[in-house]
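Engineer: Here is how the chains run, residue by residue.
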Amino acid sequence: MVTLEPLLEVRGLRKRFGHVEALRGVDFVVHPGEIVALVGDNGAGKSTLVKILSGALQADEGEILLDGAPVRIPSPPAARALGIETVYQDLALAPALGTAANLFIGREMLRRGLLGRAGFVDKSAMRDSATASLERLGVRLKDIDSPVSDLSGGQRQSVAIARAVTWARRVVIMDEPTAALGVVQTQRVVDLVRRVRDSGVAVVLVSHNMPQVLELADRIEVMRLGARAAQFRAGEVTGGDLVAAMTGATTVGGTS
Amino acid sequence: MSQTVLTEVDQTDPGGTLDVRSSRMRRLAVSSTLYIGLALLALIATFSAFSPGAFTSAYNVRTVATDASVLLVVAVGATFVIATAGIDLSVGGVLVFSGVVSVKAMDGVGGGSGAVYLGLLVALAAGLGWGIVNGLLVAKAHVPPLIATLGSLGMSMGLAQLVTDGADLRGVPGGLVDQLGLGRLFGVPWLVVIAAAVTVVGMVALNLNRFGTYTLAIGSNPVSARRAGINVDRHLIKVYATAGLLAGLAGYLNLARFATTTIAGHNTDNLQAITAVVIGGTSLFGGVATVLGTVIGVFIPAVLENGFVILGVPPFWQQTVIGAVLVIAVFLDQFKRTKNANR
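First to last, the protein sequences are chains X and S. Just so we're aligned, residue 27 is where the first sequence starts under this note's numbering, counting upward by one. Just so we're aligned, residue 254 is where the second sequence starts under this note's numbering, counting upward by one.
Only chain X is shown next, with the shape it has when bound in the complex (with noise of 0.2 Å):
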């Protein structure tokens, strides 16, 4: 499986809440442009793997490289200029602004010269770039400057990710991103999903949903207790393997 140089590793992470262990030398791979699936049972430690990758908590052990090379992620401002995006569950974007002020949100563009560096912005040219942005993503809206609060969920979701794409270079995390969405607006992100990974920047998804699992994922990691269970190769593998996994009735499965 192996064939190019894994793009993020994560070796023997571990991370202690108080008295709980929630990572217990987790190892988890990505590699370029592939989707890769983190499953899981609820506790397993997927959510606080997905935190330090993204800046939010610090691991206590362990080592993550990022290209082959060693890397620290104190902040999300950090894991961000490490091209590390990631599209939260409650999806993070401020209802009152609009898409184009959304996707730029801490990002601003600013006007040039003395204007800009009072901290004017451009808003021409949020707006011209949100629209290239969402149109090379195939998301349609109609109106761009509207707030997002007047927006579907599926919509929404697909701000979301748009503004994660928009500013991933390497690696985007989605936490359950079609957890709340209707079949209509689920199908609409999963299509963005493939499209982001055509685009080059390798998807880890976390969900709970196995048959969407199946169908997006190139690779599937598993985790229990605080640890990787198993690796499969999506063709491989049924929803039947993935749950024995995840509750430990198998406990090395797949190819690795």
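Calculated directly from the structure, the hints in this document are not laboratory data. One or more hints might be untrue.
Stated by the list, open to error - In silico SDA-like pairs for lysine to any residue, Cα to Cα no more than 20 Å straight-line:
hint: 1; chain 1: S; residue 1: Lys491; chain 2: X; residue 2: Arg133
hint: 2; chain 1: S; residue 1: Lys491; chain 2: X; residue 2: Phe146
hint: 3; chain 1: S; residue 1: Lys491; chain 2: X; residue 2: Gly145
hint: 4; chain 1: S; residue 1: Lys357; chain 2: S; residue 2: Leu377
hint: 5; chain 1: X; residue 1: Lys77; chain 2: X; residue 2: Pro103
hint: 6; chain 1: X; residue 1: Lys77; chain 2: S; residue 2: Lys589
hint: 7; chain 1: X; residue 1: Lys149; chain 2: S; residue 2: Gly436
hint: 8; chain 1: X; residue 1: Lys149; chain 2: S; residue 2: Arg463
hint: 9; chain 1: X; residue 1: Lys149; chain 2: S; residue 2: Val453
hint: 10; chain 1: S; residue 1: Lys589; chain 2: X; residue 2: Asp169
hint: 11; chain 1: X; residue 1: Lys149; chain 2: S; residue 2: Met456
hint: 12; chain 1: S; residue 1: Lys589; chain 2: X; residue 2: Ser172
Given the structure of chain X, go ahead and fit chain S onto it with the hints provided.
Structural biologist: Relative to the frame of chain X, chain S by itself:
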């Protein structure tokens, strides 16, 4: 605001474009300022029709505008605070405190021609100081804004009265009153000119500058703002500091207007400012703000009061009407939010 109810299948919208309903909702959101502006125009038209000579006379227009100008300066600051889903109850106390220390300073140097500039600096510094205190309490000490600014209202008002023994100071230099308080620029009172300038700066900062974007982003969703790399604490301190600075400026303008510190006259400034901001269309729940709306929200009570006085309607009606308008404004805001959250 709830973002969690997103389960509805998008049947009306399979192609991914917005349906008509949401565009209409959006227009409603944008247009609350328009409606309230039309209401103000209707009021002006009514009073003008009933009492053309008195109401529209240059003297009356000037008086209404001058009366409103000090409140407007405070309300522009309150717009930014409320846009972060915060509140600033301290403005009346900060205004009086700034006026008091400003008079003390101008008195202290003997009230020469340079004294008025010193007085301005001292008033601005005092306001800024209280604003920073508010900001630190809210952003760093995590005291809820309601309590933090209620506390600084008490402290600033109490200290002002300690300094003056509770009696108004009268040592305001005559030059300040003549030039700034009574003076005009091309027929427009200086107080109005300054309030208008503050308003324009506020509009630009809110709509064209990163300062406004950050303010709205924090008011919309502080967690997302933090994740986006915005230094939320620092920005909140800046917003409260700005509101304090403007309250200090208002304290100075107040001295120029009344030639005294008017200690007892500012107990409801905070509520008047909040009323104006909310009537104007800025959301008490944060994330939506309009400085133009605040201007309209300041003038509706001012015009009502003035018109009622001219028409001989008991002025108590003004309070009654404004109270009702305030409740309706917040109700409509809530209504809009519930509608959006349920989409």
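Engineer: Could you check the structure against the hints above and give me the numbers of any it violates, in ascending order?
Structural biologist: 6 and 7
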